[in-house]
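For the protein sequence lines, the chains are A and B, in the order given.
Here the working numbering = 1-based position in the first sequence + 16.
Here the working numbering = 1-based position in the second sequence + 16.
Do not take every clue at face value.
Each pair may be met inside one copy or between any two copies, as identical chains are not told apart.
[To be verified] Pairs of lysine to aspartate or glutamate, EDC-like flavour, derived with a Cα cap of 20 Å:
id : residue 1 : residue 2
1  : K58       : D32
2  : K257      : D104
3  : K257      : E177
4  : K257      : D103
5  : K270      : E239
6  : K180      : E120
I should point out that these hints are in silico values taken from the structure, not numbers from a laboratory.
Everything numeric in this text was worked out from a predicted model, so none of it was measured.
Protein chains: 2
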Amino acid sequence: MTFKAALEAASGRVQDCLAAELAGYGDDAVIAAMRYAVAGGKGLRGFLVMESARLHDVPAAQSVWAAAAVEAVHAYSLVHDDLPAMDDDDLRRGQPTVHVKWDEATAILAADALQALAFALLARPECAADAGRRIALVASLAEAAGARGMVLGQAQDIAAETAKVPLTLHQITGLQANKTGALIRWSAEAGARLAGADPAPLSAYATSLGLAFQIADDILDVEGDAGTAGKRLRKDAEAGKATFVSLLGLDGAKARAEALVEEAEAALAPYGATAETLRAAARFVIAREK
Amino acid sequence: MTFKAALEAASGRVQDCLAAELAGYGDDAVIAAMRYAVAGGKGLRGFLVMESARLHDVPAAQSVWAAAAVEAVHAYSLVHDDLPAMDDDDLRRGQPTVHVKWDEATAILAADALQALAFALLARPECAADAGRRIALVASLAEAAGARGMVLGQAQDIAAETAKVPLTLHQITGLQANKTGALIRWSAEAGARLAGADPAPLSAYATSLGLAFQIADDILDVEGDAGTAGKRLRKDAEAGKATFVSLLGLDGAKARAEALVEEAEAALAPYGATAETLRAAARFVIAREK
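All chains should be modelled from the sequences, with the hints used to inform the complete structure.
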């Protein structure tokens with residue numbers, strides 16, 4: 017299966033899982049906002065879960081629960097990031113953001129409930145028959161999403177913006193390892209965790225992938241087209257924020273991203289040819305549509 | 017041990033657990049805000065966990081993890097509820113609310129991280145040696161805190177306020193069963209869950225207790241003193257919101273709360289005299305300081 021087909025298949029399964037889950041909830045606005053927030057998006061994190069699970073012979077009917085969990089966390093983080101008090105974005109995936117379509121209170125609460133939902137999904141027996149493996153997923157997702165992972169990265173990003181002192185390359189690398197890296201790493205490691213296997217090779221792969229992803233995002237922010245990207249671009253440059261492009265130059269950033277993709281591909285050596293789709297995923301993140 | 021001594025002992029242990037946990041985090045503002053948000057408060061939910069655990073011979077060194085988890089969820093919900101887009105409160109427990117002391121972005125993020133922390137605490141081996149019991153706590157807390165529990169209740173409360181149509185007694189009872197009841201019920205049931213026992217008697221106790229607690233809150237809102245309560249009072253009456261007092265009258269509300277406390281006490285019959293502290297807790301909630 018090509019990478020694009022695998023990404024679409026994984027994303028479709030994750031969307032179905034989340035839709036089926038939320039069908040068991042009511043019709044309140046906060047539930048409608050949850051459904052809206054998890055729809056769309058490329059589903060890269062869910063794909064990483066399902067593809068790393070496939071490498072460990074974990075069936076899709078099982079890995080889709082962990083994939084849906086990480087997409088729920090990702091969706092919650094975007095809803096909160098888009099709030100006026102945070103990044104103040106009106107557009108996400110080409111659609112009005114949740115607080116624009118509903119209101120701020122609904123956006124805050126819908127995202128809060130999506131975080132709870134993520135842990136509910138990991139706790140399902142369908143996620144893994146062995147409770148110890150489910151608990152390992154819960155513990156690691158709580159760590160990746162929390163104040164030593166994603167939330168810390170977001171807070172560091174806002175602090176840097178407020179301080180108006182551009183970050184160094186070392187600082188921005190650390191920030192991104194938290195902000196986007198932690199969840200990408202959790203996703204790629206999940207397949208090994210579901211199988212009770214050593215997540216080290218997938219962890220190394222995801223660490224390089226996550227950084228390449230963020231550098232590519234900064235490149236896209238400079239070179240991209242808002243219509244294709246489905247969100248406002250060139251915000252960072254306008255705000256005078258340090259980015260990988262401002263620190264390394266456009267060519268330097270591209271060279272760094274390419275080197276990271278090679279590192280990511282090399283980390284998958286223990287999996288041989290079966291990991292080709294994950295290698296293609298790494299190449300994809302630096303070749304996204306402008 | 018008297019109820020007050022048991023409450024203080026449980027609260028002290030929970031505070032120590034959370035402080036020790038957060039000592040392993042950094043010095044960023046978002047972490048400082050998390051420490052601030054979990055400090056203070058009566059710790060009723062944590063007490064219910066530890067006391068119900070004691071009834072099942074689960075040691076305090078074990079139950080404190082689940083107690084700390086529910087207090088982290090409770091603290092996160094207060095931080096988000098206090099935001100300008102929600103209840104817009106400047107004062108909580110007699111201190112400036114998190115978004116006043118820091119800013120809205122820090123408040124949103126610190127609370128998000130507290131929710132993640134709650135699940136991290138439940139996933140600890142110290143919480144229960146058996147992974148299946150830890151997963152049962154994760155699943156039930158995610159349900160109680162999410163869009164069929166606490167978050168739904170908060171959303172219903174805001175929707176009622178926006179609609180300016182006063183709720184019926186049936187509606188307000190359902191709303192409160194979600195908004196405050198779900199977490200109180202989880203707390204009381206946790207002791208049985210930690211022991212792998214049937215949570216039904218504790219569940220019945222907590223259902224009556226939770227509703228009595230909310231009715232008492234409405235009474236306190238009318239009769240109370242802002243200095244003693246540590247928060248702004250008479251907001252509901254000013255907003256023209258339906259409360260148990262507006263629907264039942266002050267005497268009717270007091271009578272209903274007293275009947276509920278009797279029901280809560282009666283539900284503990286299977287535990288005999290060992291449940292005396294939980295009975296005292298039920299009496300306490302309707303006799304809080306004005």
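Unsatisfied constraints (hint numbers, rising): Structure breaks no hint.
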